[in-house]
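Residue numbers (numbering that gives the first Met the number 0), protein chains in the order written: chain A, 0 to 318; chain B, 0 to 453.
It is possible that part of the hints are untrue.
Below are the DSS-like pairs computed for lysine-lysine, each with C-alpha atoms no more than 30 angstroms apart in a straight line [what the hints assert, rightly or not]:
# : chain 1 : residue 1 : chain 2 : residue 2
1 : A       : Lys121    : B       : Lys320
2 : B       : Lys60     : A       : Lys313
3 : B       : Lys320    : A       : Lys262
4 : A       : Lys307    : B       : Lys193
5 : B       : Lys314    : A       : Lys121
6 : B       : Lys60     : A       : Lys184
7 : A       : Lys262    : A       : Lys78
8 : A       : Lys315    : B       : Lys60
9 : A       : Lys87     : B       : Lys320
To be clear, the hints were calculated from the coordinates, so they are not data collected in a lab.
Okay, here's what each chain looks like letter by letter:
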Amino acid sequence: MARKNKKSKNSRRNFLNSSMLLGTSALLLPEVMSSCKKPDDKVKVLTQEGKLVEVNKDEITHCHGASREESREGIPNRKFVMVIDLSKCRNARKCVDLCQEAHHLLPGQEFIRVYLMQRSEKSAPYWFPKPCFHCNNPLCASVCPVGATYKRSDGIVLVDNERCIGCKFCMTGCPYNARIFIWEKLEVGHDEENEKIEYSPETGIPHREGTVAKCDFCPDMIRQKKLPHCVTACPMGVIYFGDINEDSVTNGEETVSFSELIKNNDGYRYLETLGTDPSVYYLPATARLFPFEQGLENKDEEIIDRYKNAPYFKNKNNG
Amino acid sequence: MTGIKTHHILKIKIMDNTELSLIREFAPQLKINSKLGQAWIIILITGFIIGLFGLYWQIHKGHVVTGMRDYVVWGVYIVNFIFFMGLSYAGALIAGSLHLMKTAWSKPIMRMAEILTVVSLMIGPLFIILCIGRLDRLYYLFIFGRIQSPITWDVIAITTDLIGCIIFLYLALIPDMAILRDSDEFKDNSWRKKLYRILALGYQDTPEFNKILNRSKNIMAAIIIAIAIIVYSVLAWIFSVTLQPGWHSAIFGPYFVIAAVYSGTGVLIIVMWLYRKIYHLEAYITKEHFVKVGVLLLILAAFFGYFTFSEYLTKWYGSEKNDSFLIDRLFSDYFWMFIISNYAGVIIPLVIIGFPNLRTINSITFAAIICVIALWFNRYLIVVPTLETPFLPIQDSRPEFLNYSSTWVEWSTTLGGTALFCLLFTLASKFVPIIEVYGNKAKNGIPKSDNPIT
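Just chain B, same shape as in the assembly (with noise of 0.2 angstroms):
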């Protein structure tokens, strides 16, 4: 027993007194107790099971009871599938490339976009199976996978993509879980210690295990952010190696990184504003984040107006006959989507941040809730008003063929995985600090607020 509590102790000793006062602080962060906390849980819960009861119902009648029919093949589904796997990317390359550049003031949103990269990068696979008509021969994508297919490039690229995101969130948690360890908030033998002392692979705070952590860390950091640009670009190329009038283009695989990281950001700046106000972080997060995160927002924004506007351009002034239908499309029948996610969806990011005076955290939160906003619709817009436009102009096929039109099905299954979304990554920040402990001694690390969270 004394042999045990020495060691302990000894323990406490190696961390610094900030992480220890940290670590006190949001060591209740990582329980749920408050009343708030339960039902926000048991909403999502709710709302997932809801999800998948649509999944069930899709199953027993069939895809019969989707939006989907033979011209509009692919729906909310695919566009789902597309907005998560963008928000992942997006946490790949800011997490990564923060990383690399060593920016100090990053730290303490770094484990926000870690996090949201490993989740949503589970997420969004989920909504591609919801849309294959078999589930039961999934298992033939293995079996008798074609390389010449993109969708096998695809298979290939997430798989990568989520071990490398995971491995990457993971060796920066390694500190953390360390810390936990060796603290004191949690009782000897609960199964929180137990994991965290499997999970600390026996971390000690010692230049050796810092010098191989920081030179993994740096490898997959690297690694991550080419993944993750080669992902997205693969997922682009699935629309745009066909050869329908608004997907064949050469300019989808930078369009599609663009919009990811674009989109991305902008849940990473309302995961950040939720964070903050929930767990009482002012002192960590601070609108220097808001502001310094809001500007790259910015440059997004400007990048991705500036593809939008290439795409839209050469497509309407040319004015193939088939582009010039779509077009056409687009500014009726879509004329509200299509101003919310290609006028709205970049001006309004652009003149919040632009212009100094109007940078609030709140006004920067509200430009992120506008891009996610628009980039869906984005997505929209891409993939069935193209569907709804084929070569040969649709005849000859029952009236509700025609047009797409989403139905609860749908619906629900979106609510469902919305809802895993964001169970996941409460779970998450139940099981870590949402802000990273170790190595959090920098000058405005150490708490300026003197209130313990309950």
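This is chain A alone, in the form it adopts within the complex (with noise of 0.2 angstroms):
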């Protein structure tokens, strides 16, 4: 969103400004939504002055979240699920790109990060995206000592970051790492445009320093039937997002049955043995379809020295 609206600061204005009425004004939601699902179409919205304008349906990558009240419940009947195929990926980071961008992250503010994994030193090494895995058992929410993260009954744990008081309790009680701390004052979600568009747990904007923030699902997305940034934003297809109650997953390109993935690919969860009962699957990374070394290939110095720690690099070295 943020990248489209560079173009024109108009454009950015009554998209903001519509994206506020779609927040407050229950009675518009609905015809919105359902011009969001035509391509190219325009959009009829009412900016804060009264006029009604048109924006590009395109531009609206982000009708709003529920509110406060409606992002604890969950959308009905929905029991999210996510299928990483790690034999596809190759660290393109677009996955990292598009949802920091989404999520008006600052670079260094990771929802979703890829890790270069290697099990032991005669395995062989991959790429290993690592979103929040929203687990059904969560540590984060079961330690928060005044509810700002909870447990949705569609199986997306979410962040009020305007009921968090910043303990940090369930930074350390996830096993994962999946939660980032507003650390600055002045970030991207707190400029002045930023500072009008009315916030939603759904998608976390505008960021409030001094709070915990994490990968939410995009459920924002999800209310609009679309999918989440980072599987949007794949170019190999890695993400595989659904419904287990459909049992169907998608990436995109590909909708298949949740259930026979899994089976047919011997998938498995990251540390299953913590029981934290993540939604997030994996495929192994057999028959992989690019050398690891493509994921460093083209990078900036920045991104090439993050990895230097990594257990590949560290048994190398000491090989």
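Could you use the hints to bring the two separately framed chains together as a complex?
If you want it as structure tokens, here you go:
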């Protein structure tokens, strides 16, 4: 969203105003929601001044998430699940980039990280994208003293940054380090225009200094019948997202049966022994489509530096 | 006028002669009249102001000015929190159990332990508050509190403990307040005298009063011992209920309790040494006291060493991958800190106090200083290296997220908290005699030294 809006400040303003309206006006919501589905359409929305304006449909990548109260409930009869096919990942980092953009994150604030894994010295290295696992037994939500982080009926674990007191207990509780803390006062989420956006835990925007944020499975996108940003961003179709109740997942290109996918590819969950019961499954990196080295080609020095402590390089240096 | 005077004389008659001479001896200590005393207070206030500036800076700029980052989310603040809470529980356990056991020798050091308990229990929570990202929402803990969260357990436990310890200290203070109220050391219309009059609750040294008071003290002593154990265990559970490799340990509760009493006993010995020197209390706090508390320190050192050994042995021997990452780290990056905290902190007190020939007042105090430093580092080693070695070794993050290094803001607030601790302790000892006056009629209670202190 942010990238597109850079093109024209006016349309961004209109868009922002419109998204505000979406958050506040329940009457307009169904109309816009349905408009969202049609491609190449103009959407009519009311601005703050009360004018009816037309906005390009593709400028609304953020129909706004539900209100704080609604976002506690979850989308009825849904149970979301993600499958990440490790054999396809070549650390293109598009998931990281689009996620950061859509969630108004700065470089260095990642909701999804890509690890360079190697199980043991003799085994082959592979890339391992790691979002929040949206555990069904989330320790982060158990330890929260004020109920700022919670598990919804649709399986999503969210953070309400207007409730969060910033004790960071959830960050030590999460065994996967899925959470980030907003350390600085001045970050993107705090600029003037973002301040105008009505806050929803479903988007996490605007961020608030001194609170915790994390991957949210993009429920605002799901409400628009769209896929999370990391899924759509991935050029390799690594990430599948879907509903376990419907037993189907999609990476945007192909839609497959979740149970078949897991069964046929020996799907597993990371650190299953911890008993957190994650909602993110992995397909092992067998029959890899790319050599892992591709993941470091044409990358900034800063990115390459991030992997210098990876087990693969450590093992290589030791061996 | 005459009525008041007769009343006054009557009161003095109630007081024992020993107590009268004691109060005459101790009264000058209650005034801040020496240059050194004034300088000390000014230094402490300066330290506290530096801490306040650090806090202001942190609120103004955000937590980014601390060394804490996304992996090491807790740093020096939590270390200080555990440390000061530890001192408090030690005070509670020592004061409570010595009271219940009715040990005669412990009378002169009881009040120090009681004040230590209350003052450190006030300072400890300040450090966890420094760690909170949104201080403006602190009251959410009460309005949205969830009983499932160990932090809520901690809030309840610490509040209960603070109330209990204040009551215990206050009960012990009542007879002395009455003595101060009745003595003629302070002017009748001074604020002190008025305050003593209110706080003494009309106490008279009669069997009925003493019976009630003693019974209350016994009950409170038993209660604070129990609460102290619970509170420190709850504090340990904040760490051990998580799945982090270095924290997820069943012995953390008892380990923390032992470590707390150990460090608290160390601080008690240091406090005894300081007051003995500054107030010239050689007649009251003798080598016997140092040896007896020292032996307690010795036993606790052995326990602490035993727990530490069990904790790390099982981690190292089993060499589960995540545990061995942590152990490797402790023995490489944190080598010297590990040696100081878990070797020197056990062995030096064991040797010094273990051999009777080596026991002197100064050497025992030296052992106590080593113990206190070691235990601070012990907490640091529990908190920081664990967070630096999570289940998924840190990757794809900014390089500065890898390791924790504390900043001046954290140190200035630490300085401020420590200064406030010393300040409150000093002020408490300026308000009531640091040695219990009431009932101090024991054979060696009569001052041997005939130098009135000025």
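Tested hints:
The hinted pair formed by Lys121/A and Lys320/B meets the criterion: a straight-line CA distance of about 16 angstroms does not exceed 30 angstroms. For the suggested pair Lys60/B and Lys313/A, the alpha carbons sit about 37 angstroms apart, so the restraint of at most 30 angstroms is broken. Among the hinted pairs, Lys320/B with Lys262/A is consistent with the structure: their alpha-carbon atoms are about 29 angstroms apart, no more than 30 angstroms. Simply put, Lys307/A and Lys193/B have alpha-carbon atoms about 69 angstroms apart, too far for the 30 angstroms limit, and the pair is violated.
Taking the CA atoms of Lys314/B and Lys121/A, the gap is about 25 angstroms. The hint holds against a cut of 30 angstroms. Restraint check for Lys60/B and Lys184/A: satisfied, since their Cα atoms lie roughly 7 angstroms apart, inside the 30 angstroms limit. Proximity of Lys262/A to Lys78/A is assessed by CA-CA distance (about 19 angstroms); at most 30 angstroms being required, the pair is judged to hold. For a cut-off of 30 angstroms, the pair hint linking Lys315/A to Lys60/B is broken: about 42 angstroms separates their Cα positions.
With a C-alpha separation of about 28 angstroms, the suggested pairing of Lys87/A with Lys320/B holds against the 30 angstroms cut-off.
Against the hints set out earlier in the document, violations occur for numbers 2, 4 and 8.
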